[in-house]
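Undergrad: Given next are the chains, with one letter for each unit.
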Amino acid sequence: MDTLTTTPSLLRFATAGSVDDGKSTLVGRLLHDTKSILADAYEAVARVSRERGGETVDLALLTDGLRAEREQGITIDVAYRYFSTPRRTFILADCPGHVQYTRNTVTGASTADALIVLVDARYGVVEQTRRHLAVAALLRVPHVIVAVNKIDLLDYAAGPYRSIAQHVQSHAEALGLTNVITVPVSALVGDNVAVRSERTPWYDGPTVLEILETVPSIDEGADAIAAAHRRGIAHPTAADAEAAQVGWRLPVQLVLRPQDAALSPEYREYRGYAGQVAEGTIRVGDDVVVQPSGRRTTVAGIDTATGPLDEAHAGQSIAIRLADDVDVARGDLLSSASDALQPRRTFHAHVAWLTDRPLRVRDRVLVQHGSALVQAMVVAIDGVLDIALPGGTLDASIKPGHELLLNDIGVVELQLAQPLAVEDYGRHRRTGAFVLIDPQDGSTVAAGTARAQAPGLGEDAYLSI
Amino acid sequence: MTDAPAAPTGAPARLTTLDALEAEGIHIIREAVATARKPVLLFSGGKDSVVVLHLATKAFWPGRVPFELLHVDTGHNFDEVIEFRDRTVERLGLRLQVAKVQDYIDDGRLRERPDGTRNPLQTVPLLDAIAGHKYDVVFGGARRDEEKARAKERVVSLRDEFGQWDPRNQRPELWNLYNPKHLPGQHVRVFPLSNWTELDVWRYIEREGIELPSLYYAHERPVFQRDGMWLTPHPSVTVREDDAVETRTVRYRTVGDASCTGAVESPAATLAEVIAEVAATRITERGATRADDRLSEAAMEDRKKEGYF
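Listed in order, the protein sequences are those of chains U and E.
Counted from 1, the first sequence has number 207 at position 207 by the UniProt record's numbering; the numbering is strictly sequential.
Counted from 1, the second sequence has number 31 at position 31 by the UniProt record's numbering; the numbering is strictly sequential.
Be aware that one or more of the hints could be misleading.
[As the list claims (entries may be wrong)] The following label-pair restraints were derived from C-beta to C-beta distances:
| no. | chain 1 | residue 1 | chain 2 | residue 2 | range |
| --- | --- | --- | --- | --- | --- |
| 1 | E | V239 | U | A329 | 55 to 63 Å |
| 2 | U | A396 | E | R168 | 34 to 42 Å |
| 3 | U | V255 | E | V239 | 39 to 47 Å |
| 4 | E | R168 | U | A323 | 47 to 55 Å |
| 5 | E | R87 | U | E266 | 24 to 32 Å |
Please keep in mind that the hints were generated in silico from the structure rather than gathered at the bench.
The beta-carbon is built from N, C-alpha and C at its ideal position, and this holds for glycine as well.
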């Protein structure tokens, strides 16, 4: 299909690695080899490299943005980078690798279509690798690329890479990750990053950039395609992907009711429900359930400023008109009627705790879910994930705990002041995701992914899919 | 496993990069407005703020844009830009507030800098205007690709009572869930174009047929070279005796304080030519044209901490 080559699509990806894995160098290498570094930016980095007595240009300096980072030579916050190739444009969330900054990896991974995890070929899989893969599994990042870096320091030997790749795959399997690709690279020299290396004749897979250029993004149906893969269809067609697609969801951001004397008469009675399609495809005439009220109606029209649409796809910002005069407000979730769930008052979720103050039972929080903001209370902490995975799988590695500390990932039960259409994150990425907000100072304290049931209670929990 | 899964043949209609960026920008604007008590857009007539305004017209169609515009006027602006600003406000039926740096200089609250540039002087009038008008959500056209410190800025970014940005204590921003909560006296800055590049902005301007001030396109102008930039004689610029003023064909990549915003030599007189030029350019936007960013490697970070936009 020529649209695949003529209209560049967008891929969001994140990078994660522990200290000194060469992550910033890999990012610098990707930018450099795709000719994304402009002359003055390169000059500035070359100048600083010389001032520090370096012999070669330190590509890592391209991405270390804040003064504290430059002074300490580390990366402390997610930095976003932009580059493109003729095939695609990319948004890169460059995430710091220190244990204490795991919250940034969670942040970067939450919007990522793909995650690159850096592994130092000399040390193989370390605790941070396991942590990053666990985050990828919890957030269901569609594609995980494990870049086994610094192979130049091992004289490009195949053996160490193969044993690390095997280790990665067996660990990924335990996490329920079926989408992990390993690539032997040297970010410093450039092997297999954007250009295939002649020094790794034993590797016939794609380069990191080739993978990034070709994998489907979430908006392109990555979830539906993965579901088709799970059903045993190796090369799904559009029809297979469509069949595997779940219904549609539209969180209502605003009710558009222009009340303006200057407006043309045809819009005097206009009432549109504005939002960004969270998933699926909305078509005019579709049956709709308004959550949490449960009222039913149909889609009368789909509007944009440039004209009406017959259908709207995931990712599009639109407004829809409904056939009946039902009560709909910001915070409501419009849902395809065929698969709409009952709203809930309580639910279980994985929570990545992102702040210094611990989370304890009976703590009050605000749940931000789509466009809804609802008061909630922590009624139970079911346990804390041991990311070393002593139990072999995520669910079997949740140890008892009564509080969550910074960077802990736990399973909690939340009770809501008002019902919300919270769904299983494994099936509904957008309507299964939420953040927790401190009601007192307004800070964001946790990332959450809802699961249908508590761990160990059957196959409905999303990690079991 | 070495095979990367490929997109299915005949994949469902996909969004182009511009479609995706536009949809994201509209989502951000709607989200911020829905939770704001009194939002405002910082509007200079520069291309980025023009694009944010364009997105807002789309976000609230068929109604009009539900917020005011605020311009912090250095008094060093190009006439064409001010004329364009006023015409745009008029066309859309919006209200414009202007905070004037000159007023602060006249009554002694601010002093001119020795180098004559007024960009750093915008901070105080901006913060006073935000407090005075009780704005709680302030839209801006900043993009993360402009500069290294901005690469770490959130889409929705908290500012304290002094308008300060605390880069080490930023809220994590997850999925497309933006947290605009703030305490009395604080406000949030919102950047709908966070994920756009300069080239995306230009391609979008072309796709949407958006009008810009004429000085973005090549024109003949008297200029002289200073610190490697082409400055133009202007009431805000002292032309020294040894400055050789000559007429050249130039255009501007950013519009701002005329005393420190340089033109670039360019024959690009049309949108298509500008896009071709931007696509091929080898110098970043700010490096080529903003003297105040060159002061130090951390220049932008320092000003942002002080509440600069």
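Undergrad: I'd like to know which numbered hints this structure contradicts. Please list them from smallest to largest.
TA: Structure breaks hint 3 only.
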